[in-house]
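Spelled out, the chains give:
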Amino acid sequence: MAVLPKTDVLFVGFGMVGGIIANELGKHTSLNMVALERGPFRTTNPDFLMDHFDEWRYAVQGQLFQDLARETWTFRNDQTMPSLPVREYGSWLPGNGVGGAMVHWNGQLWRFLDYFFEYRTHLEQRYGPNFLPADTTIQDWGITYAELEPYFDQFDKTFGTAGKAGNLNGQIQPGGNPFEGPRSAEYPQPPNTVAYGPALFKAAAEDLGYKVFPQPSCNSPATYRNPDGQVLAPCNYCGFCERFGCHVGAKASPITTVIPSAMRSQRLEVREFANAFRINHDGATARSVSYYDASGQEQEQPADLIILGAFTLSNIRLMLLSQIGQPYDPQANSGVVGRNFTYQVGGASATGWYDDRILNRFMGSGANGYCLDEFNSDSFDHADLGFFGGGNVACNNTGARPIQSFGPLPPGAPTWGSGWKAAVKQYYNRVVSVGMQGECPAYRQNYADLDPTYRDAWGNPLIRITFNFTDNERKMVKYVAEKCLTQIIAQMNPAIQRVADTITNFDSVPYQSTHINGGTVMGADPGTSVVNKFCQSWDVQNLFVVGASNFPQNGGYNPTGTVGALAYHTSDALINQYIKSPGRLA
Amino acid sequence: MAESPQHTTDEELEARLAARRLSRRRFIVGGATSSAAVAGVLGSAALAAPGGVDEHLTQAQAQAQAQPQAQPAPSTTPGFEYFTPFQAAIVSAACARIIPTDDTGPGATEAGVVYFIDRQISGAYGLPGRRYEQGPYARGASTQGDQSGLHMRDRYRLGILGMETYAQQLYQLGFAQLTTDQQDRILHDMESGIPTTFDGASIQSATTGPAIGGTEGGMRQPAPGGTDIGATAFFNLLRSHAIAGFFADPVHGGNRDMVGWKLIGFPGAQMSYTGVIAQYGQPWQGGYKSLGEYQGQYLPS
Numbered sequence: 117m118a119v120l121p122k123t124d125v126l127f128v129g130f131g132m133v134g135g136i137i138a139n140e141l142g143k144h145t146s147l148n149m150v151a152l153e154r155g156p157f158r159t160t161n162p163d164f165l166m167d168h169f170d171e172w173r174y175a176v177q178g179q180l181f182q183d184l185a186r187e188t189w190t191f192r193n194d195q196t197m198p199s200l201p202v203r204e205y206g207s208w209l210p211g212n213g214v215g216g217a218m219v220h221w222n223g224q225l226w227r228f229l230d231y232f233f234e235y236r237t238h239l240e241q242r243y244g245p246n247f248l249p250a251d252t253t254i255q256d257w258g259i260t261y262a263e264l265e266p267y268f269d270q271f272d273k274t275f276g277t278a279g280k281a282g283n284l285n286g287q288i289q290p291g292g293n294p295f296e297g298p299r300s301a302e303y304p305q306p307p308n309t310v311a312y313g314p315a316l317f318k319a320a321a322e323d324l325g326y327k328v329f330p331q332p333s334c335n336s337p338a339t340y341r342n343p344d345g346q347v348l349a350p351c352n353y354c355g356f357c358e359r360f361g362c363h364v365g366a367k368a369s370p371i372t373t374v375i376p377s378a379m380r381s382q383r384l385e386v387r388e389f390a391n392a393f394r395i396n397h398d399g400a401t402a403r404s405v406s407y408y409d410a411s412g413q414e415q416e417q418p419a420d421l422i423i424l425g426a427f428t429l430s431n432i433r434l435m436l437l438s439q440i441g442q443p444y445d446p447q448a449n450s451g452v453v454g455r456n457f458t459y460q461v462g463g464a465s466a467t468g469w470y471d472d473r474i475l476n477r478f479m480g481s482g483a484n485g486y487c488l489d490e491f492n493s494d495s496f497d498h499a500d501l502g503f504f505g506g507g508n509v510a511c512n513n514t515g516a517r518p519i520q521s522f523g524p525l526p527p528g529a530p531t532w533g534s535g536w537k538a539a540v541k542q543y544y545n546r547v548v549s550v551g552m553q554g555e556c557p558a559y560r561q562n563y564a565d566l567d568p569t570y571r572d573a574w575g576n577p578l579i580r581i582t583f584n585f586t587d588n589e590r591k592m593v594k595y596v597a598e599k600c601l602t603q604i605i606a607q608m609n610p611a612i613q614r615v616a617d618t619i620t621n622f623d624s625v626p627y628q629s630t631h632i633n634g635g636t637v638m639g640a641d642p643g644t645s646v647v648n649k650f651c652q653s654w655d656v657q658n659l660f661v662v663g664a665s666n667f668p669q670n671g672g673y674n675p676t677g678t679v680g681a682l683a684y685h686t687s688d689a690l691i692n693q694y695i696k697s698p699g700r701l702a
Numbered sequence: 021m022a023e024s025p026q027h028t029t030d031e032e033l034e035a036r037l038a039a040r041r042l043s044r045r046r047f048i049v050g051g052a053t054s055s056a057a058v059a060g061v062l063g064s065a066a067l068a069a070p071g072g073v074d075e076h077l078t079q080a081q082a083q084a085q086a087q088p089q090a091q092p093a094p095s096t097t098p099g100f101e102y103f104t105p106f107q108a109a110i111v112s113a114a115c116a117r118i119i120p121t122d123d124t125g126p127g128a129t130e131a132g133v134v135y136f137i138d139r140q141i142s143g144a145y146g147l148p149g150r151r152y153e154q155g156p157y158a159r160g161a162s163t164q165g166d167q168s169g170l171h172m173r174d175r176y177r178l179g180i181l182g183m184e185t186y187a188q189q190l191y192q193l194g195f196a197q198l199t200t201d202q203q204d205r206i207l208h209d210m211e212s213g214i215p216t217t218f219d220g221a222s223i224q225s226a227t228t229g230p231a232i233g234g235t236e237g238g239m240r241q242p243a244p245g246g247t248d249i250g251a252t253a254f255f256n257l258l259r260s261h262a263i264a265g266f267f268a269d270p271v272h273g274g275n276r277d278m279v280g281w282k283l284i285g286f287p288g289a290q291m292s293y294t295g296v297i298a299q300y301g302q303p304w305q306g307g308y309k310s311l312g313e314y315q316g317q318y319l320p321s
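In order, the protein sequences belong to chains A and B.
When the first sequence is numbered by our numbering, its final residue is 702 and no position is left out of the sequence of numbers.
When the second sequence is numbered by our numbering, its final residue is 321 and no position is left out of the sequence of numbers.
Please keep in mind that the hints were generated in silico from the structure rather than gathered at the bench.
Heads up, some of the hints might be wrong.
What the hints assert, rightly or not - Mimicking BS3-like on lysine-lysine, the simulated pairs with C-alpha atoms at most 30 Å apart in a straight line are:
1. A:Lys591 <-> A:Lys327
2. A:Lys591 <-> A:Lys143
3. B:Lys282 <-> A:Lys541
4. A:Lys280 <-> B:Lys309
5. A:Lys591 <-> A:Lys273
6. A:Lys318 <-> A:Lys280
Isolated chain A, as found in the complex (with noise of 0.2 Å):
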């Protein structure tokens, strides 16, 4: 084993966080920068160029997504049951490779609604301390949406987001989202062009009176210049977005926007594939980082400031690894790292199959479409339904690739034959759905550690989940399914018509979303959350973890938008206070 030359800043995980941190401490400080990156370093041009459009290699194969043979997770429903690898790709796929999942994203792009940074407060305070069910252990971030604004605006600017603003100011605006929180200034470019599908949605949603928006997208409509000079080209909507790169760098990512700019610094070294394994620590200081190199050789890396950026499965994992913080412990609700470990909850869905129209699902992008607010979080009265929280509706055309999305088929078609075949040349390009994304509250029953069995290629435990859903999501799913999705699809009037309203236990098998949250919290009381609101570790003040997993619980959207804000707080804190003066940062 080696121990290289010590460096100023080390980054574990090269994705957006890290990309994001690298570039404003490239452009702020003359700090040296090392970053650590599982998996290799692509680029538009050469590795998407005319090669994304390929289902079988991407979408399927997973070209893109973590290595399983070398490193996967272990999963349950409960603690009674054995849990078990997860061998083949299921329901999340996280990336791999510098610009982490990001570079395979869709592109939706969201900021958590206000309240929803002090949601326990906001529910107790509105229904009651009694409303709650007992084994929820959701709890307020110990930041507020005011305090991040400032940073969501400048990921926008970043990133080159395009929607439309519902409130400016507190001024609510037309044609946009009414429920979300104040924004400073608009996108900072307008909604994209969007397919039929998600068109006819918008005109059935606005017939029964919800108030319809564009989707917040990171498919740049127009070409875009960032604040650091990044170019966006236009997005061509081609229809490979999610589990691909982008062939003309129209998706905004770390690679195309904050890591290029970070390596014009000259002070950044990237090295790819290289597997940490383990912070060094006293208990209060970090020294370095442990790490197998290309070739299989550890090598120890040390720093001053150690920035934990991976993905959420990881910077829980490393810090069980590391034997930083108090692991939680279910039984006893004690102990913090692994605790409140949150993931996404679909299920609700309406479906209409039309006789003639003609729908193109192969064009569009990852987020093509319109949504509403009406049935999300805290948006409705909850005091006599049985269940808190909600979900975000919409209707994207994210590009039907015919593998994967051939149908969905009406009920009753046969899945294999000459009648298989007739509905899928009849329905392939007749059907639209419409979705919800429903909040993941945190349970004190769902939580990470590490597994008891089963251990990763170099022999270290890989993370083990145990999770489930509970009656609250069933009930919530089932209401938003009758009071919304129903009459949608009715007014949309397709010839047949299904409303999917029933989820069970979670299941590991298909695909439903890489919204992995929890597990190194956030929060005010270090008795409950992992680290600070700087994302500074309670307990080794020299590391910041920042991640999805910084969030107490998961929210009716995708959570990038929400993880960018927190990385440009976290840089800001850094560059202004803990770099001039380091130390617990408050």
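With chain A's structure known, arrange chain B on it following the hints.
Just chain B now, with coordinates in the frame of chain A:
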């Protein structure tokens, strides 16, 4: 659905293996080219079976004589990298029933689906690839996904044996020699989990094929999960790979002439829909394009 596998007694196991040994001899018959070698391993049952050695050799000779020596095979003629001819015949026949050639147009045969499957499983996808392959192996709940220790190649090997043995049980013929109605009956039985000629303890599948079902694209509804074993698992695997080979870009060996895309109107690898995405309800007029058309431009001429 996942159910606890029934324990197999030693006697049952031995009977199953014996049946398999018998049917395996019949496979040798199908692939043999030397009548002397064939005669050495033949049982009378195989000789008596329609489609047995005599008929097969006659066909092969007829083909050889009909093939002019001077005419080389077209350069596009594909062969098999992994499948034996016996395996390829069964996979090809099954895929032709899953996606038949009918009045809606070309099916799996014209698309060359068997070549697609062969190419995939001859490469890393047939071996562990990016699959987590560390033990201990255990049968889990359906929500925990595929826990099999078998590589894709061996799933095909065992699945094909199971199909052939079941065909022999029902019809005293190999699967590839059956009528299409008989083949459909076998595939329906497999889908329903009826045959016991599959090694249920070894073939377990939830997502071994591509995650198909068409539930994506703006919809986040989990498909009905389920870890199944034996005949149903192999049917699901075949079905998912037939569909993948029908709809994957032709660069992967199937979907020849983009017949899968043309059936449903998916234009393939198009650079841009910028001008037309907002022309609601208008059919796409720009034709079909494979990735190969772009890739070729980058080769030195």
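Against the structure, the hints come out as follows:
no.: 1; hint: A:Lys591 <-> A:Lys327; in the structure: 24 Å, holds
no.: 2; hint: A:Lys591 <-> A:Lys143; in the structure: 49 Å, violated
no.: 3; hint: B:Lys282 <-> A:Lys541; in the structure: 9 Å, holds
no.: 4; hint: A:Lys280 <-> B:Lys309; in the structure: 35 Å, violated
no.: 5; hint: A:Lys591 <-> A:Lys273; in the structure: 38 Å, violated
no.: 6; hint: A:Lys318 <-> A:Lys280; in the structure: 15 Å, holds
Of the numbered hints stated above, those contradicted by the structure are hints 2, 4 and 5, listed in ascending order.
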